[in-house]
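Based on the provided sequences and hints, a complete structural model is requested.
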Amino acid sequence: MVTQTETPTRLTLRELAKKPDRLTSGHRMCPGCAAPLVVKQVLMAIDEPVVVVCATGCLEVATTIFPQTAWNVPFIHNAFENAAATASGVEAAYRSLVRQGKIEDDNTRIVVFGGDGSSYDIGLQSLSGAMERGHRLLYVCYDNNAYMNTGIQRSSATPVGANTTTSPVGKVQAGKKGARKDLTAIMAAHGIPYVAQASPHNWRDLMQKVRKATAIDGPSFINVLASCNRGWRHDPADTIEIQRLGVDSCLWPLYEVEDGVYRVTYRPKVKVPVSDYLASQGRFGHLLQPANQYIIEALQADVDRRWERLLRMAGEV
Amino acid sequence: MSDFRALDGNQAVAEAMRQINPDVVAAYPITPQTEAVQVFSQFVADGEVDTEFVTVESEHSAMSACVGAGAAGARVMTCTSSAGLALMWEITYIAASMRLPMVMMVANRALSGPINIHCDHADSMGTRDNGWIQIYSENPQEAYDNMIQAVRIAEHADVTLPVMVMQDGFITSHSVERVEVFDDAAVSGFVGPYAANFQLLGASRPLTFGALDFYDYYFEHKRQQVEAFSHATEAVLEVAADFNCRFGRDYGLFQAYRLDDAEVAVVVLSSTAGTAKVVVDDLRAQGIRAGLLKPRVFRPFPAAEIVRALSHVKAIAVMDRSTSFGSMMGAGPLFLETAAAFHVLGRAPQIPMVGYVFGLGGRDISPPDLEGVYHDLLAVADSGDVGDPVRYLGVRG
Amino acid sequence: MPEPKGWKELPIGGIIDSPGSARDLETGAWRARRPIVDKDKCTSCLQCWMFCPDMAVVVQADKMRGFDLYHCKGCGICAKICPADAIAMVAEAEAGTEGEGG
Ligand SMILES: Cc1ncc(C[n+]2csc(CCOP(=O)(O)OP(=O)(O)O)c2C)c(N)n1
Ligand code: SF4
Ligand code: SF4
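Residue numbers (our numbering), protein chains in the order written: chain A, 12 to 328; chain B, 62 to 458; chain C, 10 to 111.
Hint data in this document are derived by calculation from the structure and do not stem from the laboratory. Misleading hints may appear alongside valid ones.
A short, non-exhaustive set of chain C residues, derived as facing chain B with CB atoms under 8 angstroms [to be verified]:
#1 Trp16
#2 Gly22
#3 Asp26
#4 Leu34
#5 Ala38
#6 Ala41
Where a beta carbon is used, it is the ideal one built from N, C-alpha and C, also for glycine.
Next up, the structure:
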């Protein structure tokens with residue numbers, strides 16, 4: 012029997028504050044880390060029961076140190092590179108058991124959290140496979156631009172020029188070489204029903220996207236920018252402001268692709284120069300030197316080009 | 062009550078899977094296991110099973126999906142071979158650590174490289190320490206029977222461990238034999254309904270699976286797995302007894318063939334044991350007291366039982382279809398386990414024991430090869446001199 | 010902390026069957042700076058509640074009631090985000106008992 016979802020909780024702070032925490036305090040993420048904020052907002056947007064599947068990384072390690080767990084919902088971590096495949100199994104089990112009448116259909120939503128390391132790199136195949144097969148699950152990548160749990164190594168999500176422990180700044184190298192991989196575009200190219208990019212500083216936008224994604228009987232993917240103040244080197248208090256700069260510089264546009272139709276969900280009133288975003292974080296400090304000006308210029312040109320293309324795809328120019 | 066059909070090992074396994082009707086199967090094609098998955102896919106397509114079949118993009122994802130589905134509360138099965146099992150390796154360890162009682166058929170195939178599609182046991186032996194119960198089958202009938210018993214063994218309340226059921230790639234997986242297929246109802250009655258001990262879905266309170274253990278708890282969790290194996294032997298026998306009672310075929314931890322009064326004995330797994338039985342009969346006809354011990358269960362290793370069964374012979378050959386590079390004299394895992402068992406549990410004086418490594422990459426092992434082994438043993442028994450304790454059989458010099 | 014359980018007592022499979030039990034951990038002990046709210050300035054807009062990564066802003070009956078100092082890690086996000094400028098970060102050493110029991 013399909014239980015009808017009641018009127019969804021209104022997306023107002025007062026109403027949302029009445030909901031119980033699905034991820035509780037006492038987790039051991041660093042102070043000011045955006046990852047738990049992403050989880051909090053994603054799970055708060057969903058009124059239905061959830062099962063959370065999580066890849067190895069800071070989030071998993073810091074929330075489930077035996078014998079304590081910060082999860083108030085059914086949770087499974089399997090390994091680093093297989094969160095999407097693991098979720099495929101959970102989803103298949105759900106379908107099978109419901110169809111056979113072994114469990115009740117309570118509209119359980121399956122939500123996966125993986126860092127950029129597990130999503131862009133080592134788990135990309137698993138993610139791609141799960142999306143192609145069409146499982147009903149929401150995959151959320153919390154993209155903090157590097158492998159933070161193992162000590163800030165570069166990933167394919169690391170922006171050009173960023174100083175990481177495996178793309179350090181040296182005498183002949185100015186941080187990470189080459190551009191980021193555009194995972195959101197790769198997911199959109201799968202032709203799945205829903206793909207979006209979000210940031211927790213704009214919580215309402217993020218939560219609306221989660222609502223849309225989980226309403227679909229199929230796969231969905233949301234890529235969420237998630238500052239790691241340790242790796243990005245900024246005051247933890249500035250997390251929200253820096254996320255905002257990322258979006259307002261159009262380096263991390265907020266948009267969605269619904270059944271192939273692109274829509275920009277937020278357009279900054281003033282497009283902030285990328286250098287403002289870079290200047291806010293220690294990992295880009297060396298780029299501000301005159302000798303590295305060309306890297307900033309190239310990055311700005313790249314951001315402009317991608318932004319223009321996005322606007323065109325969204326029919327906004 | 063049952064029906065005799067001409068089936069190869071893969072078809073027999075697929076038939077068992079149809080009758081078990083698992084909730085979820087996640088699998089990926091690889092020679093020589095592929096056919097099992099294909100046949101099962103047809104059962105899914107024809108609506109003959111309730112199974113949700115996850116057509117994953119790799120074996121790594123197959124095992125990962127099995128872990129997800131098993132943790133969710135489903136009865137789960139899969140099949141693989143060789144490189145597929147190697148790719149799953151990391152996750153097989155996790156499946157066992159999470160105590161998920163799934164069943165996997167492995168059609169044994171050599172590991173790359175060089176790439177080779179034929180039978181040896183390097184694949185499953187490479188996972189022997191991963192926490193799975195391992196059962197080896199001689200022929201399609203045993204593969205079928207073992208799959209059905211494996212479900213009960215895995216889900217046994219004192220065990221809760223995953224089980225691998227092996228058959229020899231091509232030699233068994235692709236050879237058509239007469240297989241007794243039981244009634245669907247009899248099989249489902251034997252395996253019974255599944256109720257997970259703990260599960261993600263429909264649990265009374267939310268559980269966390271796959272938490273991070275430090276040095277303060279990891280060891281305790283490993284100790285629990287060791288304990289489960291200590292109960293597994295009993296569970297295998299209990300399930301075998303019920304199987305015998307319902308279906309009239311007797312299984313144990315191993316099969317002893319003309320061993321009671323044997324002077325010399327060979328220990329060998331799977332299809333080679335079938336060939337060895339013929340050789341034993343021939344030798345017996347010549348008045349030679351040859352015997353055979355075919356281990357069925359390699360994990361848990363029935364050390365005490367094997368030592369007891371062989372304690373009266375004058376010389377033993379342990380034959381491995383895989384090696385362990387860099388081990389003592391390049392011996393294989395079955396020899397190493399057996400030798401250790403005799404050293405720890407055997408009586409003095411030690412029975413002379415020779416290890417043979419044979420058949421790598423599907424190299425044929427013929428009745429005359431096995432006869433030669435028995436004649437070697439007779440010489441060892443006569444002289445009391447083992448000579449070369451580990452020998453490579455059938456490799457060109 | 011009670012004695013850790015032995016292998017005979019622990020549930021098998023590494024399962025944790027006490028949801029939300031991480032709340033027992035006093036992550037507040039990590040804090041170097043403590044948020045103090047000026048109740049006169051606070052409008053209970055609840056922005057601080059939404060942006061706290063540690064679920065350490067206490068809201069009851071639609072009102073911001075202070076901080077859960079057992080868990081607050083002192084990141085300062087709430088103080089930065091507060092549109093009414095009602096939250097100040099004070100060095101722990103100088104904070105005394107201010108804000109406790111909030
Ligand atoms: C197969 C495998 N390779 C490497 C590791 C080590 N490892 C654990 S977490 C991690 C990085 C995680 O990075 P990301 O996914 O970006 O998450 P974050 O830690 O940044 O939250 C690495 C390399 C592992 N656990 N498993
Ligand atoms: S290292 Fe970075 S990502 Fe990891 S918990 Fe700390 S702030 Fe968060
Ligand atoms: S200082 Fe940080 S952890 Fe403490 S209440 Fe404010 S936002 Fe939460």
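Consistency of the hints with the structure:
Interface hint at Trp16 (chain C): satisfied, since its Cβ lies 4 angstroms from the closest Cβ of chain B, which is below the 8 angstroms cut-off. Interface hint at Gly22 (chain C): satisfied, since its Cβ lies 4 angstroms from the closest Cβ of chain B, which is below the 8 angstroms cut-off. Hint status for Asp26 (chain C) relative to chain B: holds, with the closest Cβ pair at about 6 angstroms, below 8 angstroms. The interface hint given for Leu34 (chain C) is violated, since its Cβ lies 13 angstroms from the closest Cβ of chain B, which is over the 8 angstroms cut-off.
With a least beta-carbon distance of about 19 angstroms to chain B, the hint placing Ala38 (chain C) at the interface is violated under the 8 angstroms criterion. Because the closest C-beta pair between Ala41 (chain C) and chain B is about 25 angstroms apart, greater than 8 angstroms, the hint is violated.
The structure is inconsistent with the numbered hints 4, 5, 6, although it conforms to all the rest.
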